[in-house]
Structures are given as C-alpha cells and as structure tokens.
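Undergrad: Residue numbers (the numbering used here), protein chains in the order written: chain Z, 1 to 162; chain H, 163 to 610.
In case anyone wonders, no lab produced these hints; they're calculated from the structure.
Only a predicted model underlies this, so the values are computations on that prediction, with no experimental measurement involved.
Each hint should be verified, as a subset may be incorrect.
[Claimed, not checked] Listed below are the simulated DSSO-like cross-link pairs for lysine-lysine, each with C-alpha atoms no more than 27 angstroms apart in a straight line: (1) K523/H to K131/Z; (2) K78/Z to K523/H; (3) K87/Z to K131/Z; (4) K523/H to K222/H; (5) K78/Z to K21/Z.
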Amino acid sequence: MSDKHNAHDSEGNSEPISRRKVLAWLTSMGILGSGIVTLFSNLVFIKPRATYGQPSRFAIGTPNEFPPGTRIALGAQKVAVVREGNKMAAISITCTHLGCIVGVAETGFACPCHGSRFDQDGNVTGGPAPKPLPWFELSLAPNGQLEVDKSKQITAGKWFTV
Amino acid sequence: MVYSMSENKQKNSFFSVIKDFPAAVWSSVFRHNLPHTDLGRSQTSFTNFFLHIHPVKVHKHTLKPWFTMGLGLISLFLFLILTVTGVLLMFYYVPSTTQAYDRMLDLRGSVAFGVFLRNMHRWSAHGMVAAVFLHMCRVFFTGSYKKPREFNWVIGVLLFLVTLFLSFTGYLLPWDQLAFWAITVGTAIAGYAPVVGDQMRFILLGDTTVGQEALLRFYVLHVAVLPLVAAGLIAIHFWRIRKDGGMSRPADADVIETNGAAPVETEAIPAAAPVMAMAAAGNGGIDFIEKRRYGVQGLVRGPFTKVGNVPDNSVYSYPNLLLAELFVFILTVLGVLVISFFFNAPLEEAVNVLHPPNPAKAPWYFLGLQEMVSYSAFWGGVGVPGIEVLILLLVPYIDRGQKGVGKWFAKERLLANTLFMTFVVVNIVLIIIGTFFRGQNWEFVSPF
Ligand code: HEM
Ligand code: FES
Numbered sequence: 001m002s003d004k005h006n007a008h009d010s011e012g013n014s015e016p017i018s019r020r021k022v023l024a025w026l027t028s029m030g031i032l033g034s035g036i037v038t039l040f041s042n043l044v045f046i047k048p049r050a051t052y053g054q055p056s057r058f059a060i061g062t063p064n065e066f067p068p069g070t071r072i073a074l075g076a077q078k079v080a081v082v083r084e085g086n087k088m089a090a091i092s093i094t095c096t097h098l099g100c101i102v103g104v105a106e107t108g109f110a111c112p113c114h115g116s117r118f119d120q121d122g123n124v125t126g127g128p129a130p131k132p133l134p135w136f137e138l139s140l141a142p143n144g145q146l147e148v149d150k151s152k153q154i155t156a157g158k159w160f161t162v
Numbered sequence: 163m164v165y166s167m168s169e170n171k172q173k174n175s176f177f178s179v180i181k182d183f184p185a186a187v188w189s190s191v192f193r194h195n196l197p198h199t200d201l202g203r204s205q206t207s208f209t210n211f212f213l214h215i216h217p218v219k220v221h222k223h224t225l226k227p228w229f230t231m232g233l234g235l236i237s238l239f240l241f242l243i244l245t246v247t248g249v250l251l252m253f254y255y256v257p258s259t260t261q262a263y264d265r266m267l268d269l270r271g272s273v274a275f276g277v278f279l280r281n282m283h284r285w286s287a288h289g290m291v292a293a294v295f296l297h298m299c300r301v302f303f304t305g306s307y308k309k310p311r312e313f314n315w316v317i318g319v320l321l322f323l324v325t326l327f328l329s330f331t332g333y334l335l336p337w338d339q340l341a342f343w344a345i346t347v348g349t350a351i352a353g354y355a356p357v358v359g360d361q362m363r364f365i366l367l368g369d370t371t372v373g374q375e376a377l378l379r380f381y382v383l384h385v386a387v388l389p390l391v392a393a394g395l396i397a398i399h400f401w402r403i404r405k406d407g408g409m410s411r412p413a414d415a416d417v418i419e420t421n422g423a424a425p426v427e428t429e430a431i432p433a434a435a436p437v438m439a440m441a442a443a444g445n446g447g448i449d450f451i452e453k454r455r456y457g458v459q460g461l462v463r464g465p466f467t468k469v470g471n472v473p474d475n476s477v478y479s480y481p482n483l484l485l486a487e488l489f490v491f492i493l494t495v496l497g498v499l500v501i502s503f504f505f506n507a508p509l510e511e512a513v514n515v516l517h518p519p520n521p522a523k524a525p526w527y528f529l530g531l532q533e534m535v536s537y538s539a540f541w542g543g544v545g546v547p548g549i550e551v552l553i554l555l556l557v558p559y560i561d562r563g564q565k566g567v568g569k570w571f572a573k574e575r576l577l578a579n580t581l582f583m584t585f586v587v588v589n590i591v592l593i594i595i596g597t598f599f600r601g602q603n604w605e606f607v608s609p610f
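This is chain Z alone, in the form it adopts within the complex (with noise of 0.2 angstroms):
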C-alpha cells in the first residue's frame, strides 16, 4: 500500500494525499476510541463490584439486652443503641463531618477529630460538621432480635417502641 501512496505522490497527485489524510483520521479516531474504552474499563476494574466490610443489615441483640437508659456504641456496626423507656433508636456515630467516630456520653456525642458537637438525639450543636448524626430503621426480627438496616435512614426523632 505505501508503495502506491509513493508512486503517486512523486507524481504530484494530490488525491492520495487526501486519501491519506482520510486514512490518518481514520486511525486518529481509532486510537483516540479505544483510547476512550480502555480508560472506561479500567475505571470499571478498578471499582469494586463487592465489598469486604460489614453489611448494612444486621442483628444487634434482643430488646432486654438494653435496659432503659442505655446508651451504647456499637463500634464494629458503627452504631449507638440509645432506649429511653420503651422506645429505642439507633443512630450513626460516624461522624458527618470527616468520618471520625463520635464519642458517646450521656449528654450527647462529641467528635475528637474536629470537634463537632452533637445533642442526644444527633443534632448539630458545634463544631464543623454539616448535617445532623442519621438514624437507621430499627425492627423487630420474627427470631426477637432487633436488626438495624443502615441502608435506611430514617428522620430523627421517629422512635421504635418495643
């Protein structure tokens, strides 16, 4: 095939010079495609389709397990199980801000990263953080056991009663 571009061009023909041109396009857009398709995959294998870690919804215990007044993290679930009376919540203690783990204490929870400050039932009372501590839907499982599904978030304040 050069061959012929040579012949031609020494005769100074410019329709293969067009016809190269066409050619070069051509393989400029195929590079330049699959250029594109491999970027593509890679970013498609390099984002897992599984993940390792914990799963959203899991069993954390019967509801005598936490007698009124509890206020416990959950560190493994990330997870405070707060019961006042009957009622009970579970509310996120990674923190809205950067993702530390708030500490809990009876006044409300305390973030050591960058000192965000929550009220008992999540809300912001200082420090940098944007958005309240989320709650997660809580139920009652037909074996007893409460579950917690941190796929849901629910509004706070919407307690579950056992």
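Place chain H with the ligands on chain Z using the hints.
TA: Structure of chain H with the ligands alone, referenced to chain Z:
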C-alpha cells in the same frame, strides 16, 4: 571516542592477551581515564551514561550555592534514598490489616537495622515534602518560572502533588492509630468534592470505610504507581532544564562582547563535532545565536558555538558541577543518617476503629489543611486547596513580565513575591496552629 582505541597495533600473542586482559576489560567499561584536559572533560560528560545528563559546561552563575541552595538536588537525593530504603522495607512488609502492624513491631524486634531503615524512610519522606516545597519557593522568589520555563514549573507543581500523595499513601501502611485516623479524615475530604466526590472516595478506598481494601490499594499506589509517576515526571523535569537553557540567571550574568572576534580554535573542538550534529536536529539554535547566550545548553543549542571561542562565563561540568552535586548528596545522606540515628519514627498503638486518638492529627504537612477543614469541610478540604493548586499551575501564564529573572527578591517582582510570600506564610501559620494550638476535640489550646 575514536581517539582512545587507536594505540595498540601489536600482534595479539597469547601472552599479550593475558597481560592486557585487565586493561582491556577496564578500558571497555571506562572509555577514558580521569580527564586532565578540556577535551577529556567534555568527553566525560558526553560518553559516560551516568554523567551525560550533564551539559558539557555550566554557567558560573548556576554554581553559586546561594542561588539554588541545592534544594532541587536535595529533593532528588531524598527520593533516591526513599526508593532504596522503601524497596528494602518491602522485603518485610505485608499489606494486610492483620499483619502490617506486627510487621512494624518486627522491624524493631527481629529485623537487623529494621528500625534504622524505617527511620530513614520516614524522615526522608518528611524531608522530601519540605525540600520540594522550599525548592518551589526558591523558583518563585528568583522568578525562574518565566519564559521559556513555564511548563517546567507546571511539571514541578505536579511533582509537588505526587510527593504529597506518596507521603499520604505511605502514611497508612504501618496501620497504627495515627495512620488509620489520618487516612479516614483524609479520604473523607475527597468525598466532599462536588459530583464525583463519593465515587472518588469509594474507588480510592475500594470500600465504604478504611479497611483491608484501602490498605491494599494504598500499598500498590505507594510502592508502584506513584514512584513510577514521580520518576517519569522527574525525568521530564530534568530534560526540560537542559532544553530550556539550564538554570535561569540574570540578564547581566553573561555580558558578552559581540565585536566579531574570530573564533579561537582550541583542543576541545573535536568534542563539539557530535554536538553540532545533534544541534541540527533541534530548533532552538536561532534563538540562541541571536542572544549570544552561552548557557548550560550552549553546546547543544548553538551550531556555531564551539567550546572556547566565546568569552567564557562557563566552566566544565566535570569536575565543577559534579563536585557540587556530590557535596549536596553527601550532606543529604549525612543529614538523614544523623537524624535517623537519634530519632525514632513514631508508631502508635494498633488500630482501634472505635477510638480515634484525641485529637486525631494528620501528618504535619497536612495540618494546615486539617485546620482549614475544621472551619468548613468543603472549602477547607476541596475549595481552597483546589483554587490554590489551580493558581499555582497558572502562575507562569498569568505573571508574564520578563523582568527580574534569576535574582532573589528582585525589585521588579515586588508584587508577585509579596503575594507568594503571603501564601507561604498563611500556610505555615495554619500548620503551626494545627500542630501546637489544637488539643482535645480540636479545641484551641495554648502550648505555653
Ligand atoms: C518517593 C517518595 C516516598 C515518600 C514520600 C514515602 C513516604 C512514606 C511514608 C510517610 C511511609 C510511612 C513510614 C512509616 O510510618 O514508617 C512510608 C512507608 C513505606 N514505604 Fe514509602 N515513600 C516514598 C517512596 C517509596 C518507595 C519508592 C517505595 C518502594 C518501592 C516505598 C515503600 C514503602 C513501604 C514498603 C512502606 C511501609 C513500611 C513502613 O511503614 O515503614 N516508599 N513511605
Ligand atoms: S470528623 Fe468529626 S469533626 Fe471532623
């Protein structure tokens, strides 16, 4: 090249082959003896693989210690120390959440020189961040990013970012409390980027939280991807220095009479022949002739420049530049060795995902960022740094005056230098506040 082989014409008797064997091997490896003539000095830079990165001659101004302060070299040497010590550490390190921390303890207990290597790696990493930053300041305050060096400044800004990112990814590897929480905070900052933030964070961590996937990803980035990117950028950086005519220098650093004195041929002229062949391929020649500049790049750029026929403001790279580099190298290694001997790299308790240390602090070079983040996560972590990086990248294209190049704090550049100094001081003050004035819950405390 050709000159050295022409001597021996005797017959190759068996005996002479044996007798000449060591010399033959030696001269096949080292083509020249240590040079004693200017010709030899030029050839050293040309024919030696490790030296050919140098120009044959450098401008005297380049060698003035106060001008560059050797900061770029220090950065390079720290990078080399990091590569060597890093590869050695890799022999004992396992990027697993259950093993990484124990391996850190093993470095203390059962690996010969383990602690010392780790110290060297850690302190060099800190040192490299500082050196790269100071190098950037030097380039700015001497106006050295001006035409034709604009793009090399851009490469430099990228190198600075890669250096920070290398440190950041390395920081997670010991898997101690400090590591875990610094990375938790750091990646959360990425999550605040508009639109793509959450995706970016997820891809960086390989999960929704910092865990095994994140450790593995950071490890791969730290030991393979980022060092390669850095090495590539460094190569371009150095190549550009040569192509841009060597170090910047003030216009009056090489006042050269152009009164047409006939070129004086010297013994070094044969060495210029291959150079001229190369120059034919380049396109910077014309520019060079017009200005009658004779720079680091002089030989390769100017087809008519021959060593020795221009009133000389330059000296041979061998040995002048080489010795200067060696000196900086020895100082750098010495500094790292001494510091690593007297101070141990910190290692806190093993990770406890429930209890962040209070206060949880990032490494010092990110404390300015963390301080800003404590006011507003978006503006402190993404908005302001993003704008800062953008402005840094654009600096040479915004500030285009040609005055005051190659001089520290030139009068002509008062405005630019003042602005940059403000940027530097603000960041240093933020870092100082974050380091010394923040206590429990990031509350303001007085260190006094
Ligand atoms: C070039 C710039 C580099 C910087 C700024 C840097 C920075 C760091 C930092 C801050 C740590 C944590 C050190 C510690 O806590 O002890 C680290 C660890 C580590 N780095 Fe690098 N590093 C660099 C290059 C490399 C290279 C080139 C390699 C290997 C090819 C490497 C391999 C490692 C390994 C295996 C560790 C884990 C051991 C440890 O934490 O002590 N590093 N790095
Ligand atoms: S992460 Fe809680 S205040 Fe920043």
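Undergrad: Confirm or reject each hint.
TA: A quick look at each hint next to the structure:
no. : hint             : result
1   : K523/H to K131/Z : holds, 22 angstroms
2   : K78/Z to K523/H  : holds, 21 angstroms
3   : K87/Z to K131/Z  : holds, 23 angstroms
4   : K523/H to K222/H : violated, 45 angstroms
5   : K78/Z to K21/Z   : violated, 62 angstroms
Violation of the numbered hints given earlier is confined to hints 4, 5; the remaining hints are satisfied by the structure.
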